[in-house]
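Trainee: Full structure from sequences and hints, please.
Spelled out from the first residue to the last, the chains are:
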Amino acid sequence: MPKFLVFVPGNAESEAGVMPPTELFAAMAAYNDQLAKAGVLLAAEGLKPTSAAAKVRFDDNEKRTVLDGPFTEAKEIVAGYWMLQASSLEEALEWVKRAPFGGGVTLEVRPIASMDDLGPEFTPELREAEQQLREQLGE
Amino acid sequence: MGKATETVEAVWRMEAARVVAALARFTGDLGLAEELAQDALVTALEQWPAEGVPANPGAWLTAVGKRRAVDHFRRAETLRRKVGELGRELEIDGEGREDGAVDAIVEAVDAERSDTAIDDDLLRLVFTACHPVLSAEARVALTLRVLGGLTTAEIARAFLVPEATAAQRIVRAKRALADAGIPFEAPDGPERSRRLASVLEVVYLVFNEGYSATAGDDWLRADLCQEALRLGRVLAGLMPAAPEVHALVALMEIQDSRRRARTGPDGEPVLLLDQDRAKWDREQIERGLVALARADRAFVAGMAQTPDGVEPGTYHLQAALAACHARARTAEDTDWQLIADLYGRLVQQTRSPVVELNRAVAVGMAEGPEAALAITDTLTGLRAMQGYHLLPSVRGDLLTRLGRLTEARTEFERAAELTANTRERALLLARAAACEAEA
Chain Z
1 MPKFLVFVPG NAESEAGVMP PTELFAAMAA YNDQLAKAGV LLAAEGLKPT SAAAKVRFDD
61 NEKRTVLDGP FTEAKEIVAG YWMLQASSLE EALEWVKRAP FGGGVTLEVR PIASMDDLGP
121 EFTPELREAE QQLREQLGE
Chain A
1001 MGKATETVEA VWRMEAARVV AALARFTGDL GLAEELAQDA LVTALEQWPA EGVPANPGAW
1061 LTAVGKRRAV DHFRRAETLR RKVGELGREL EIDGEGREDG AVDAIVEAVD AERSDTAIDD
1121 DLLRLVFTAC HPVLSAEARV ALTLRVLGGL TTAEIARAFL VPEATAAQRI VRAKRALADA
1181 GIPFEAPDGP ERSRRLASVL EVVYLVFNEG YSATAGDDWL RADLCQEALR LGRVLAGLMP
1241 AAPEVHALVA LMEIQDSRRR ARTGPDGEPV LLLDQDRAKW DREQIERGLV ALARADRAFV
1301 AGMAQTPDGV EPGTYHLQAA LAACHARART AEDTDWQLIA DLYGRLVQQT RSPVVELNRA
1361 VAVGMAEGPE AALAITDTLT GLRAMQGYHL LPSVRGDLLT RLGRLTEART EFERAAELTA
1421 NTRERALLLA RAAACEAEA
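Residue numbers (our numbering), protein chains in the order written: chain Z, 1 to 139; chain A, 1001 to 1439.
Hints listed in this document are in silico derivations from the structure and should not be mistaken for laboratory results. Just so you know, these numbers come straight off a predicted model, no measurement behind them.
With a cut-off of at most 30 Å between alpha-carbon atoms, the simulated DSS-like pairs for lysine-lysine come out as follows: (1) Z:K3 to A:K1003; (2) Z:K48 to Z:K75; (3) A:K1279 to Z:K3.
Mentor: Here it is in structure tokens:
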């Protein structure tokens, strides 16, 4: 069953460390509760403002540069995320639609790539080895 | 058109349990409710692609189902009685035309649907679908259907049976409930703790079916682990005070965390102690440990109510055991003494010689092979252990560590004789040969 990351965008208020109004806070708590009770919530976290953050730049010759926040020029800032588990992208989207946002806020929903999909990634070589093993065990 | 259908199906997955639960409450009949819910889904598939998903899809589906229920009762000429019953329950005036009374009832029932009421209905659904009068197979099929919202085709594929067989299991389950006169109710108090076992058994059965899926199987089978986890989390939300529920979730999370480590490159099974722990899903282990902590808190809270002493349940002990391994960064870091103690308590509850053998292995790690061998001595005479290859296999290992190689060889050879697994036999014979070489 696929997992999804849902990114909540930040804004000037979240960057200023302003707590959301009580009603939104309560609505968010209720929403998280709904997700948890439905069994689809894997994780939900809020991120600190970029003033508490830093970046690491990787140059050639092993050069590393640390850039301290805040990142005032950034166009898109992530303020928080959910990790959900749902049977399809459509189901994940239906859950996200129930989040208590408004005013044109846009949330990005990204499926997490999984290495243990037992599908086409299972190479022909491994399939053959599996088949041989089954024959050996007399299955 | 495909995308729209997928959306309807996604919404169905989200709402199915609540819709069936509400309709079962309304009609008093789980079997009928399941059919009515299916009818509502068909209607949704017809209307939503064109009209869009309604703002409150659950309420929409339930309303359609209820109107169908009224039609059903009218056709069955039981409407008058039903209206009377429902009317009495809701303390509605029985005066006036039938239709008026019905509308008033539907409105009143709708108005009463608070979150707690919905949760109560879901609990009724869980305990009815998992009623012990049904076989495990029947409970699994019915639960996946009404609680999981899976289609008959999905259930069939997941359990490797023809679709007709899966459909039959559900039909027979509903009939068995009706024949036994099982009411749409959830048990209370001490009876709930007793009945909880048949509920958790269903969830763990689904999980184990998924866990046994191998590479190359239908992905729906492997998905059963996630389905079981989702059901477990739903139950944890409905029964937050029940330690065994949180413990089962913990156990499943931790077991599932090892999914990528438990098969080798040739598809052969890798024993836990030999697994590459970098492949364990540490996020999932964290979730498992959080669930175990909830189980511990719920257990302690429960102790306050039963001062005479309560023992932790078997899932709680198994989860604690799984957590011991999960917390160890390497096999060498494992807290074997704690594992031995936990197995000790599990033996007291299950009286199982296999569990006692596991305890012996742990004691062998914690205290040394001598003490462990003494435990296995008590098991060799048991009739239940006669055909069990792991007993001589463990003894062979312990004797090797004690330097008693001739005896060890005998045990390994006996174990090789007893196992039906070719690969395992080869491994045991190799160990026997190694003893001979060194003796």
